[in-house]
Amino acid sequence: MIRSRLTAQRLAFLFLLGCFLFNYPLLSVFNRGGSFFGLPPLYAWLTGSWLALIALMAWVVESRAD
Amino acid sequence: MSHRVLIVDDEPNIVISLEYLIKKEGFEVAVATDGEAALQQAADFAPDLILLDVMMPKKSGFEVCQALRADPAQAAVKIIMLTARGRETEVAKGLALGADAYITKPFSTKELVLQIKSLLA
Amino acid sequence: MLQGWVIVLASFLYLGILFAIAWYADRRADSGRSLIANPAVYALSLGVYCTTWTFYGSVGRAAASGIGFLPIYLGPTLLFALAGFILHKMIRVAKTNRITSIADFVASRYGKSQLLGGLVTVIAVVGVIPYIALQLKAVSNSFAILASYPDIIMPAKAGAVPLLQDSALYVAMILAAFTILFGTRHLDATERHEGMVAAIAVESVVKLVAFLAVGVFVVWGMHDGVGDIFAQAALAPEVAHRLASADSPAAYGTWGTLIFLSMFASLLLPRQFQIAVVENVDESHLRRAVWMFPLYLFLINLFVLPVALAGLLHFPGGGGVDADTFVLTLPMAHQQEALALFVYIGGLSAATGMVIVETIALSTMVCNDLVMPLLLRLPVLGLAARADLSGLLLEIRRWAIAVILCLGYLYFRVAGEAYALVSIGLISFAAVAQFAPVVIGGLFWKGGTRDGALAGLAAGFVLWTYTLLLPSFAKSGWLPDGFIAHGLFGIELLRPQVLFGLAGLDEITHCLVWSLLVNMGAYIGVSLMRVPNLREARQATLFVGGAEAAGIPGWRGSAGIGDLLPLAGRFLGLERAQEAFSRHARQRGLRSLHELPADTRLVGFAETLLAGAIGSASARAMVASVVTEEPLGIDEVMNILDEASQVRAYTRELEQKSRELTRATAELRQANARLQELDRMKDDFISTVTHELRTPLTSIRAFSEMLHEDPRIDLAQRSRFLGIIVSETVRLSRLINQILDLAKLESGRAEWTVAAVDVAEVIREAADSLAPLFVDKRVSLQLDGCEAGLNVLADRDRLMQVMVNLLSNALKFVPVASGRVKVDVGAAAGEVRVSVTDNGPGIEAGDQEVIFEKFRQGTGNTDVLIDKPQGTGLGLPISRQIIEYFNGRLWVESTPGAGACFVFTLPRQAGDNGASQPTGEQP
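Chains as they are written, first to last, in the working numbering: chain Y, 277 to 342; chain V, 19 to 139; chain C, 35 to 957.
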């Protein structure tokens with residue numbers, strides 16, 4: 277499956293990235309009132325970054341460039 | 019003049035038989051019953067041939083043989099070694115040390131006499 | 035339209051379709067055209083993570099705490115980012131070892147410990163049963179709510195409904211029957227359930243579509259899009275605060291904790307392990323799942339917050355409607371009957387998926403790691419001897435499923451609406467998080483031992499129980515709650531949710547901090563107390579080392595197909611076992627299974643085969659019963675070391691083996707030297723015997739030939755020669771006799787006639803027999819103390835032989851006429867002491883032992899011996915053998931020039947009083 281160590285390491289990097297994106301302190305930046313294109317900033321941030329992370333993971337494992 | 023033969027053995031009965039046998043052939047005979055006496059007799063008696071037993075008190079036949087061969091004065095003396103230990107290594111050792119012949123006990127008196135005569139001829 | 039019977043019919047129709055799918059998938063699997071050999075199916079089946087707790091509960095949590103429901107799904111996303119390191123490795127290890135469950139995984143990792151497997155099973159069952167109860171509750175509640183349409187009425191408390199009218203009971207029964215049909219149709223050595231996986235994948239689709247349908251309806255049917263909902267929510271004061279999360283360190287701490295917790299839960303929950311690891315048919319499917327499963331989680335959570343907000347807006351102030359039911363009640367409130375029914379089916383699929391997989395996983399664990407080990411240990415049942423156990427295995431699993439669901443129902447019934455049920459999802463997560471140190475540690479750290487794993491799990495479980503489970507019981511009113519406020523025994527420090535004064539955390543975080551701390555502490559600490567033993571080290575290498583460890587032999591013994599086939603047949607059924615072995619034989623290029631050689635590879639195959647059916651620990655125990663293990667050889671240890679050079683654990687064993695080898699080599703060398711010495715001695719002995727025999731022969735032959743060839747020898751000479759011949763013949767015969775005698779003595783074949791012997795009498799007799807010789811040589815012989823009448827136990831003739839030998843030796847060496855020989859007999863300290871003293875030349879100190887050796891007559895370099903002594907040189911060795919046989923000693927005391935004194939002692943016979951008392955003979 278995850279054939280090369282490189283893929284595994286890229287994924288591990290995404291893991292660290294995710295830990296950063298989904299946690300304090302970055303979270304506190306968006307944890308406020310107001311609106312972001314009509315959405316609460318925290319909801320928008322988590323939904324957007326989560327989807328982006330999934331997309332990156334898909335790109336890492338599905339690209340056979342390595 | 020007759021040849022001189024020195025008999026070296028520590029068994030009295032064997033000495034008796036050898037002495038009788040060789041005297042009968044007309045040789046002069048002297049006897050030694052151990053290794054040291056043998057070397058002494060070799061110098062005093064000046065034998066032409068020595069019948070040398072291997073297993074003896076004080077000095078073994080091998081040692082006597084070696085000493086004789088190391089002495090230029092004794093260069094001409096013939097040595098027949100007698101032994102009751104029939105191992106091939108011992109025969110080889112005796113011949114290597116310079117013995118002219120090697121006879122195993124019990125020996126045939128005829129063969130012994132022939133051997134002595136051929137060596138002294 | 036939504037009468038009770040319609041709902042029931044729809045439910046059964048749905049379950050029927052599911053079963054048909056499972057049945058079809060199983061058929062396809064049997065014919066080799068697997069339906070689930072597809073990465074998308076694998077990714078979808080992982081959606082079993084989303085239960086009714088997600089389907090109904092997420093909205094409830096969102097209504098209560100805004101975005102706070104989300105970490106539960108961010109965690110698994112992060113875990114799958116680590117798939118290359120953790121999941122991939124687990125799948126590979128599980129495949130090579132035929133791991134059947136999380137309990138089996140842990141047991142196998144730490145030396146195939148049955149105890150450890152049992153402990154994991156207990157923790158899993160205790161931790162997960164409430165979770166199953168939650169599913170039952172959700173199904174029965176949603177049924178009740180839907181059945182009350184068009185009214186929206188919250189169901190009565192569970193405890194208030196009579197048992198037989200309780201729909202949850204029927205749900206539990208139906209699910210039990212359904213699970214038994216799904217999960218235990220037949221016993222598969224791989225413990226895979228293709229049909230079940232296919233059905234679970236379909237269920238994942240159903241619940242996702244159902245939830246998305248609600249979301250779409252709520253967002254675009256009831257409102258003008260997401261922005262509209264958020265805008266309306268922002269205007270409603272009591273709803274607005276759900277839009278942001280609490281902005282405090284504790285809130286962020288809880289958030290992080292939940293991410294961490296759900297990360298492990300999505301791996302370690304029995305159903306997750308079952309689907310992700312055990313049911314994985316192809317490693318490569320994981321690649322797709324890495325993004326598909328997180329995407330699934332993303333989609334199913336996309337509308338949670340909008341739906342929650344819409345619910346709050348629609349039922350202001352709660353309106354008597356539980357936020358957990360918004361998914362169902364919002365469509366009902368808008369007369370969307372079909373949608374409501376679809377949502378109900380979606381909830382049903384979430385519940386059934388979870389219950390089916392969870393109970394199958396738990397029943398496998400209960401059967402393999404709890405019940406079978408116990409049953410096989412009970413000799414009363416005679417199970418170990420039963421021919422076919424495959425039926426029994428299935429039976430146990432069926433009962434386990436029924437019991438687990440029964441327990442789940444009981445929990446639901448007792449807990450009812452209590453606090454315990456609401457938070458049970460997280461309590462279960464925290465329970466299985468206790469597996470994390472031993473599982474993750476076991477995958478990456480070779481130093482973990484069985485004891486460490488046991489200690490860690492037990493400690494973590496105890497703390498989890500104390501800080502989370504018991505307080506939840508107390509809050510449900512099952513336990514007096516005094517200990518929560520005041521601590522156990524009133525000790526403040528022991529307050530379960532403020533343990534040792536740790537305050538300011540939510541209960542889950544608090545529990546995790548403490549339980550994982552002591553769990554890891556005990557696991558690592560206890561593991562470090564000793565080096566892993568060989569079996570643990572081997573498993574550690576298999577789990578941690580991955581592929582390079584494959585060459586390590588698991589068995590050091592062998593068993594033939596004749597033993598292994600019936601064994602496997604007992605658990606798998608003979609036909610299935612035969613198939614498996616035949617396949618193995620074909621893989622090895624053999625024509626039939628009967629050609630399989632009895633080697634370690636075959637044993638390893640049999641063990642792995644059995645492990646699939648009864649778990650690794652029991653499989654090991656079963657296989658061990660037919661395999662004769664050989665001791666570990668140095669070669670094997672060397673191999674192991676070569677192949678896994680980092681396994682420090684082996685070093686100690688290796689060093690020990692090496693020391694043993696060095697010692698053995700030294701012993702061998704010594705023995706060899708001794709043998710060579712003996713060989714040389716034997717050679718010398720033969721050479722010496724030859725010499726001694728040839729010497730008299732030489733005289734005999736020489737004189738005989740001379741007499742024979744010369745008839746003219748005079749008479750005197752002739753008789754002298756003949757005399758010599760006669761005496762040499764006598765000497766020869768004596769020599770031969772003594773050699774034979776000595777040979778007999780040395781080999782222990784001599785015959786002894788043992789009796790009480792009067793020593794003095796023997797001495798007198800020996801002296802008498804030699805008297806003429808003494809007279810001839812004019813030597814005086816004096817006997818002292820010979821009237822004492824001392825008895826010894828000995829052979830009379832042998833003792834006589836010794837005496838004669840000593841006396842004739844003395845006679846031989848004393849001078850003619852002036853010679854004196856004296857014999858003394860005395861008794862001292864339980865011994866009889868006899869000495870023979872002469873006034874001969876004496877023996878030098880260096881020769882005093884030599885003369886007791888064979889053919890050594892002390893003539894070597896002793897000046898005092900003028901003549902070569904007559905004799906064979908065997909008399910003294912023979913005498914010493916005889917004396918020593920009777921536990922005595924024989925030695926010589928001498929000063930050269932002052933004569934010699936031969937002394938022997940023999941133990942005095944008890945009870946002799948100076949008179950000769952012959953006793954009976956002894957053999």
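In short, the hints are calculated from the structure, not lab data.
From the three backbone atoms N, C-alpha and C, an ideal C-beta is built for every residue, glycine too.
Please note that the accuracy of each hint is not assured.
Looking from chain C toward chain V, a few residues come up when the C-beta cut is under 8 Å (computed) [unchecked claim]: (1) Thr729; (2) Thr732; (3) Arg735; (4) Glu739; (5) Ile758; (6) Val760.
Here are the simulated DSS-like pairs of lysine-lysine, each with C-alpha atoms no more than 27 Å apart in a straight line [claimed, not checked]: (7) V:Lys135 / V:Lys41; (8) V:Lys111 / C:Lys123; (9) C:Lys888 / C:Lys856; (10) C:Lys856 / V:Lys76.
Right, here's what the structure says about each hint:
1. The beta carbon of Thr729 (chain C) is positioned within 8 Å of a beta carbon in chain V (closest approach about 5 Å), and the interface hint is therefore held.
2. Given the 8 Å rule on beta carbons, the hint for Thr732 (chain C) holds: about 4 Å separates it from the nearest Cβ of chain V.
3. Look at Arg735 (chain C): its Cβ gets to within about 4 Å of chain V, closer than 8 Å, so that hint holds up.
4. Interface restraint check: Glu739 (chain C) against chain V, minimum CB-CB distance 4 Å, threshold 8 Å, status holds.
5. Among the interface hints, the one on Ile758 (chain C) holds; its C-beta lies about 5 Å from the nearest C-beta in chain V, closer than the 8 Å criterion.
6. Hint on Val760 (chain C) is violated. Least Cβ distance to chain V is approximately 11 Å, over the 8 Å limit.
7. For the hint linking Lys135 (chain V) to Lys41 (chain V), the alpha-carbon distance of about 13 Å falls within 27 Å, and the restraint holds.
8. At roughly 76 Å between alpha-carbon atoms, Lys111 (chain V) and Lys123 (chain C) are farther apart than 27 Å, so this suggested pair is violated.
9. Between Lys888 (chain C) and Lys856 (chain C) the alpha-carbon distance is near 26 Å, which keeps this suggested pair within the 27 Å criterion.
10. A threshold of 27 Å between alpha carbons decides the hint, and for Lys856 (chain C) with Lys76 (chain V) the separation of about 32 Å lies outside it, so the pair is violated.
Of the numbered hints given earlier, the model fails hints 6, 8, 10; all others are met.
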